[in-house]
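Letter by letter, the chains look like this.
There are 2 protein chains.
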Amino acid sequence: MEAVRMGVIGIGNMGTEHCKTLISDEITELKLAAAADLRPERREWARKNLPKSVRIFESGEELIHSGTCDAVLVAVPHYQHPETAVSALQNGLHVLCEKPIAVTSGQARQMLQAAEASGKTLALMFNQRTNCLYRTVKNFLSSGRGGEIKRVNWIVTDWYRTQRYYDSGSWRATWKGEGGGVLLNQCPHQLDLLIWLCGIPRSVSAFCHAGKWHHIEVEDDVSVYMEFENGATGVFVTSTGDLPGTNRLEIDCEQAKIVCENGTARAWLLPENERTVCFESSNPWYQAKTEEIVLETDGKNEQHPGVMKAFAAHLLREEPLTADAEDGLRALMLSNAIHLSGWTGKTVFIPFEEKLFERLLEQKIAGSVQKTAQDRTYETDHRNTAAIL
Amino acid sequence: MEAVRMGVIGIGNMGTEHCKTLISDEITELKLAAAADLRPERREWARKNLPKSVRIFESGEELIHSGTCDAVLVAVPHYQHPETAVSALQNGLHVLCEKPIAVTSGQARQMLQAAEASGKTLALMFNQRTNCLYRTVKNFLSSGRGGEIKRVNWIVTDWYRTQRYYDSGSWRATWKGEGGGVLLNQCPHQLDLLIWLCGIPRSVSAFCHAGKWHHIEVEDDVSVYMEFENGATGVFVTSTGDLPGTNRLEIDCEQAKIVCENGTARAWLLPENERTVCFESSNPWYQAKTEEIVLETDGKNEQHPGVMKAFAAHLLREEPLTADAEDGLRALMLSNAIHLSGWTGKTVFIPFEEKLFERLLEQKIAGSVQKTAQDRTYETDHRNTAAIL
Chain V
11 MEAVRMGVIG IGNMGTEHCK TLISDEITEL KLAAAADLRP ERREWARKNL
61 PKSVRIFESG EELIHSGTCD AVLVAVPHYQ HPETAVSALQ NGLHVLCEKP
111 IAVTSGQARQ MLQAAEASGK TLALMFNQRT NCLYRTVKNF LSSGRGGEIK
161 RVNWIVTDWY RTQRYYDSGS WRATWKGEGG GVLLNQCPHQ LDLLIWLCGI
211 PRSVSAFCHA GKWHHIEVED DVSVYMEFEN GATGVFVTST GDLPGTNRLE
261 IDCEQAKIVC ENGTARAWLL PENERTVCFE SSNPWYQAKT EEIVLETDGK
311 NEQHPGVMKA FAAHLLREEP LTADAEDGLR ALMLSNAIHL SGWTGKTVFI
361 PFEEKLFERL LEQKIAGSVQ KTAQDRTYET DHRNTAAIL
Chain A
11 MEAVRMGVIG IGNMGTEHCK TLISDEITEL KLAAAADLRP ERREWARKNL
61 PKSVRIFESG EELIHSGTCD AVLVAVPHYQ HPETAVSALQ NGLHVLCEKP
111 IAVTSGQARQ MLQAAEASGK TLALMFNQRT NCLYRTVKNF LSSGRGGEIK
161 RVNWIVTDWY RTQRYYDSGS WRATWKGEGG GVLLNQCPHQ LDLLIWLCGI
211 PRSVSAFCHA GKWHHIEVED DVSVYMEFEN GATGVFVTST GDLPGTNRLE
261 IDCEQAKIVC ENGTARAWLL PENERTVCFE SSNPWYQAKT EEIVLETDGK
311 NEQHPGVMKA FAAHLLREEP LTADAEDGLR ALMLSNAIHL SGWTGKTVFI
361 PFEEKLFERL LEQKIAGSVQ KTAQDRTYET DHRNTAAIL
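In order, the protein sequences belong to chains V and A. According to my numbering, the stretch in the first sequence is residues 11 to 399, in order. According to my numbering, the stretch in the second sequence is residues 11 to 399, in order.
Next up, chain V with everything else stripped away, as it sits in the complex (with noise of 0.2 Å):
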């Protein structure tokens, strides 16, 4: 096939941009073939804004069954993904899945046995791994050229919202609506790039607060200390509430210390690995003569339309993808393991108990408030992900 047709299922925030992106010039192997949406305002807009030639649906069955598809973006609420992206599957069609993958991370495994089932590829919208930046330092880190990593510290608190923001739909930040806050709203992608730097955490302690800065409750507010195989140990603070916000990542390697902040990843490289410094020298107070340098980037950061080229040339050619289904649950398992620590108020370890997290959750939605918002959608929202920090 020259071009993967692809249906967009979910014409909200993310999936009106993804239809925008999928029209324009930028993406030449994916064509927009289709869109649905449940709800009738979405699908006049659909009409009234996508070409002729674009089907619209009501609903993603009838898409996924249309026969008009080869792969499906999948823009539904967190909770529907699971049950859209199988149908997809099962029925023969790619997903490339907005993140997170899914609530739980047993429902994500459904999907990576339907994906493998059907040998259909799953593939996450993990689209700040196409920044720069993030690419830089995994490059550096893969490089061996510091060293073990020793130590982690992400604050990523840059993300203010408003309670305009939470009554803006009735599903958000509600357990029922969303099954969780910041954690699986802002922060799939932050987790995301933490695993891809720095591996997943094999324990997580954490501090959860719901509703602490805003009438939600769901969490807002989010401290962590983990520990990693290898001995590291790392702080990951975010928050809804901060204003203006933070977004600093230091990892303390053996070798270097990198800092990202403020668009730029710096490094300072140590001369010898500390491991053997702190063994041979001879001066207690070693002071290292550090070489300070900036990472260089190649100065692209393609977000959503990169991960889109790079599940087209994955379906034409084998290429790699941008992030898999193993990835999108890897993200998801930190992020339930968090959230299980917090409620719990126990370090957890990871792989940790399903069952326990999915029946405290099972709870939390019993006592679920929907509330009575006017859903609205925002055509403005995701532009935020796409700055380099």
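There is no bait here: all hints are sound.
Put simply, identical chains are the same to the list, so a pair is met inside one copy or across any two.
Mimicking BS3-like on lysine-lysine, the simulated pairs with C-alpha atoms at most 25 Å apart in a straight line are:
{"id": "1", "residue 1": "Lys222", "residue 2": "Lys381"}
{"id": "2", "residue 1": "Lys222", "residue 2": "Lys356"}
{"id": "3", "residue 1": "Lys299", "residue 2": "Lys222"}
{"id": "4", "residue 1": "Lys374", "residue 2": "Lys222"}
{"id": "5", "residue 1": "Lys58", "residue 2": "Lys41"}
{"id": "6", "residue 1": "Lys310", "residue 2": "Lys148"}
{"id": "7", "residue 1": "Lys310", "residue 2": "Lys41"}
{"id": "8", "residue 1": "Lys58", "residue 2": "Lys30"}
{"id": "9", "residue 1": "Lys374", "residue 2": "Lys186"}
{"id": "10", "residue 1": "Lys319", "residue 2": "Lys30"}
Don't read these hints as lab results, they were simulated from the structure.
On the provided structure of chain V, position chain A as indicated by the hints.
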């Protein structure tokens, strides 16, 4: 009296520096009258290097009872602070005590009681309070310009130590000799500053790693999550194994963010209080128009001499101390609480169960291995602490 006659008890690393400071022209209202050390070689150093007028004693007790001093500067190992200070106070001498005030908060309370009973002054050598950077942050916070504190994040890992450092004293980094590691040796200033700037946490959840980077039995890597009375949260990360380290203090307030790093305190000022914006703005993704400023300092960073001058001025003219005994107790309570949380794996609320802390410390001391290292006195150590940050 014209000048306070001062005795220095303990002529190790710090005591040696204090003697040099006291005989310099810098301090006019304190006069070095005596010095004491149990070790012949340190008394020998004192006889060779101090003016003939300075009396040299073989023990703190001899110095205290000699009638040569109005006040003493206690610079003996941590464990001996209480008995030395209490003896001096009970014998009518004022005391300026090196940090930490003691090893257990119970001991510190006895010191406070002795000061109370004697009517003499017990002051703490919290020289980092003289640092213009922290003073300007303190002034900013006290002004109310930023509103309430919401979050604090301090990474202070810029005190790298090699194994040689820990091998330089048989008492170093042992439960029996020091009663702790990085928390008791390197951190007392920062724990004091944290309390001075943000108040004492209501609870701490700590992750203390003993001998993580060095062959020592005490902690050399600590991550702490804190909660404050007003609901603010915080993270404090420290280690003597990071190279090059970081010293970055971020304080997020309702109407400002402050970051101290690389010798500069920056503030981002908001036009409105975030707590108001959150519920009144119609913009879901409100982005504040912040004003970024450098918090101006007076450039003064007097360190130990500054604390000594204030101590003299307090005794002579009742001027304010840099830090008093209560400040010493509070900083130690926080330190003890962090240890207790790390040892028990539980969140510790302040005030904590002091008897439990003492019992667990006793167990650690009982299992402590006395090292055979040769004790060395370095004369350059404390200069590290004189840096602006």
